[in-house]
Amino acid sequence: MRRQILCLSTKITHNSCTKALPLTRFLSTQEAIDRRYHLFTLEKKRQLDKVGRVEKIEVQYKGVPNDCTLVMNKGISTPYDCARHLSEWHMDTSALALLDGTVYWDMHRPLTENCTLELQNFRVPEPQQVNRAFWRTCSFMLGACATVAFKDTVPVKLHSFPGPDIRSGSFIYDVQLPTLDDWKPSQQELITLGAEYVKLVRQNEPLERLEVSEELALEMFVENEHKTKQIPSIARNHGKVTLYKVGKHVDISKGPMISTTKQIGRVAVVSVHNLNGSNSEVEHLYRFQGVALPTGVIINHFAFSILTDRAKKLNTVRSPVPKTLEHEDSESIAMKA
Amino acid sequence: MNQADVSKLVSKLRINVLPKHRNLNNPKGPEGRIDKLRKTVTGLIKFERIELNYNRADEARQYAERLISEAIRHGDCHKPTMDTANFWLLEKELIHKLFKVLVPRYEATNLSYTRLISAPQQQYGRHTDKAVLELRGNPFPDLMNYKTNNKLLIQNVLLDAAKQDYKQSKINEIANNIGKKGNSSLDKSSKNIEVPEKPTES
Numbered sequence: 001m002r003r004q005i006l007c008l009s010t011k012i013t014h015n016s017c018t019k020a021l022p023l024t025r026f027l028s029t030q031e032a033i034d035r036r037y038h039l040f041t042l043e044k045k046r047q048l049d050k051v052g053r054v055e056k057i058e059v060q061y062k063g064v065p066n067d068c069t070l071v072m073n074k075g076i077s078t079p080y081d082c083a084r085h086l087s088e089w090h091m092d093t094s095a096l097a098l099l100d101g102t103v104y105w106d107m108h109r110p111l112t113e114n115c116t117l118e119l120q121n122f123r124v125p126e127p128q129q130v131n132r133a134f135w136r137t138c139s140f141m142l143g144a145c146a147t148v149a150f151k152d153t154v155p156v157k158l159h160s161f162p163g164p165d166i167r168s169g170s171f172i173y174d175v176q177l178p179t180l181d182d183w184k185p186s187q188q189e190l191i192t193l194g195a196e197y198v199k200l201v202r203q204n205e206p207l208e209r210l211e212v213s214e215e216l217a218l219e220m221f222v223e224n225e226h227k228t229k230q231i232p233s234i235a236r237n238h239g240k241v242t243l244y245k246v247g248k249h250v251d252i253s254k255g256p257m258i259s260t261t262k263q264i265g266r267v268a269v270v271s272v273h274n275l276n277g278s279n280s281e282v283e284h285l286y287r288f289q290g291v292a293l294p295t296g297v298i299i300n301h302f303a304f305s306i307l308t309d310r311a312k313k314l315n316t317v318r319s320p321v322p323k324t325l326e327h328e329d330s331e332s333i334a335m336k337a
Numbered sequence: 001m002n003q004a005d006v007s008k009l010v011s012k013l014r015i016n017v018l019p020k021h022r023n024l025n026n027p028k029g030p031e032g033r034i035d036k037l038r039k040t041v042t043g044l045i046k047f048e049r050i051e052l053n054y055n056r057a058d059e060a061r062q063y064a065e066r067l068i069s070e071a072i073r074h075g076d077c078h079k080p081t082m083d084t085a086n087f088w089l090l091e092k093e094l095i096h097k098l099f100k101v102l103v104p105r106y107e108a109t110n111l112s113y114t115r116l117i118s119a120p121q122q123q124y125g126r127h128t129d130k131a132v133l134e135l136r137g138n139p140f141p142d143l144m145n146y147k148t149n150n151k152l153l154i155q156n157v158l159l160d161a162a163k164q165d166y167k168q169s170k171i172n173e174i175a176n177n178i179g180k181k182g183n184s185s186l187d188k189s190s191k192n193i194e195v196p197e198k199p200t201e202s
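Here the protein sequences line up with chains A and B, keeping their order. Reading the first sequence from the start, the letters are residues 1 to 337 in UniProt numbering. Reading the second sequence from the start, the letters are residues 1 to 202 in UniProt numbering.
Keep in mind that the hints were calculated from the coordinates and are not lab data. Don't be surprised by glycine CBs; every beta carbon is placed ideally from N, CA and C. Check the hints yourself; a few may be wrong.
[What the hints assert, rightly or not] Non-contacting residues of chain A with respect to chain B, defined by C-beta distances greater than 12 Å in every case (computed):
no., residue
1, Glu-43
2, Val-64
3, Ile-76
4, Cys-115
5, Val-148
6, Leu-307
[Unchecked claim] Using 27 Å as the maximum straight-line C-alpha spacing, the simulated DSSO-like pairs for lysine-lysine come out as follows:
no., chain 1, residue 1, chain 2, residue 2
7, B, Lys-151, A, Lys-62
8, B, Lys-8, B, Lys-28
9, A, Lys-62, B, Lys-97
10, B, Lys-147, B, Lys-181
11, A, Lys-62, B, Lys-46
12, B, Lys-46, B, Lys-79
13, B, Lys-147, A, Lys-262
14, B, Lys-167, A, Lys-313
Pulled out of the complex, with its shape left as it was, chain A reads as follows:
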């Protein structure tokens, strides 16, 4: 990766003195990713600086080993920081935080007021929301996987992913591959995609959340016409767009998501379907499908083969249209003013 960037920069410096370079090509892949990542980190730093004088909040922790009160920093400390006060096990297994018994909160999202805190892992008695967050994260990571998996000659434009539907059997990301006409991946290519996914997972990156204004979001996704179309409708309600970052990949999602990528255990990218028949608006739209289980879930290989076989069928969750994107039911879950 570093070599690639170096190559790009040397090319640019060389060509700038001789003749103009078609920069659009570069903005569509690596440079666009770097630029978005840079803007994300800058905005995050700005928001952290805006906190100003540190105020303290009291967080009532409930759960193992015992209930206790933690004094944390307002607008800076996250549930993950609370878990760091408890034990390594809490840090590794907690996927989602539950504030005041009602609000599901990302592990890496700063706390804003006094609250009670419960940490939720994948084995809690009622794991529906944790499962949804897991499935959403898997979709998100599939987008990151698709952007890194192809060669530089194949431009990849992420379109969107629908809300998590676990009973459909597979998580989805819709990707536009403008240069590939009726591509059907071979078994080897699917295995390679899966391997890229596992590589991303093993980097053990936290999933960071950031709410940005509509203008900044448009600026970040300037090279992606699908995202720029979707952003105004997403920002209509609050004027804010929720972004998530893992590694260098930044994408739009309403969240919440799990804590780190390492919590994704066994994973397989099982099929890529061409959606051109059903969705005529976007040319060369491909639906990437996969199936995954959390770390620590041990399942028989035969049972897993049943899941992968089912996930191979085209998942007919409605094709994402900007209006009916994921943020539709966002108010009920993670929006706390």
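Based on these hints, arrange chain B on the given structure of chain A.
Quick look at chain B alone, frame taken from chain A:
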């Protein structure tokens, strides 16, 4: 018979004790064995959960149980008990832990104070039985997790959906067949065509 009641002299342990002790081979002989066990007992009281060879774990467990039960029985003002604790716990701050933390924890219990769980063996190399020895009521997450029958766990949701999907496909198949039986003459002719095709495909 003027024989003393044994249970009044020695506290009855709630674990199985073998009739004969294990020698735990050591160049120093019995003294070395006791040294080994002292280290293990100290480690157990300190860390509350340790992984080690089964034989040494089982042997050390008996001494640890005895130590805790003596501490509960006599308290910290009893000279012989204090000496025993002093002998078995190599780190002296653990004596405080024994009397101030573990005695209150186990006073009311009617179970053994420790738990011995077989651990998985090494896949390669020497086959030695491994075990995890832990104090009950430790702060760590439970080692035995049998709670996989919750319908809402993600793997169960996925498998349940797959099962339902399979059933639905079977029902559809049957429904299609019923439709075909209505015009049986057509069905037979179509079957006749299908049969010769199959070997060419494979």
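Here is how each hint holds up against the structure:
1. Glu-43: 33 Å, holds
2. Val-64: 7 Å, violated
3. Ile-76: Holds, because the least Cβ-Cβ distance between Ile-76(A) and chain B comes to about 27 Å, which exceeds 12 Å.
4. Cys-115: It holds; Cys-115(A) is separated from chain B by about 24 Å at its closest Cβ, greater than 12 Å.
5. Val-148: 26 Å, holds
6. Leu-307: Label violated. Min Cβ-Cβ 5 Å, cutoff 12 Å.
7. Lys-151(B) with Lys-62(A): Status holds; Cα separation ~25 Å.
8. Lys-8(B) with Lys-28(B): With Cα atoms ~35 Å apart, Lys-8(B) and Lys-28(B) exceed 27 Å; violated.
9. Lys-62(A) with Lys-97(B): With a Cα-Cα distance of about 26 Å, the restraint between Lys-62(A) and Lys-97(B) holds, given a limit of 27 Å.
10. Lys-147(B) with Lys-181(B): 48 Å, violated
11. Lys-62(A) with Lys-46(B): Distance of about 26 Å is within 27 Å: holds.
12. Lys-46(B) with Lys-79(B): 23 Å, holds
13. Lys-147(B) with Lys-262(A): Within the cut-off at roughly 22 Å; holds.
14. Lys-167(B) with Lys-313(A): Since the Cα atoms of Lys-167(B) and Lys-313(A) sit roughly 16 Å apart, the hinted pair holds (cutoff 27 Å).
Checked against the numbered hints above, the structure breaks hints 2, 6, 8 and 10 and satisfies the rest.
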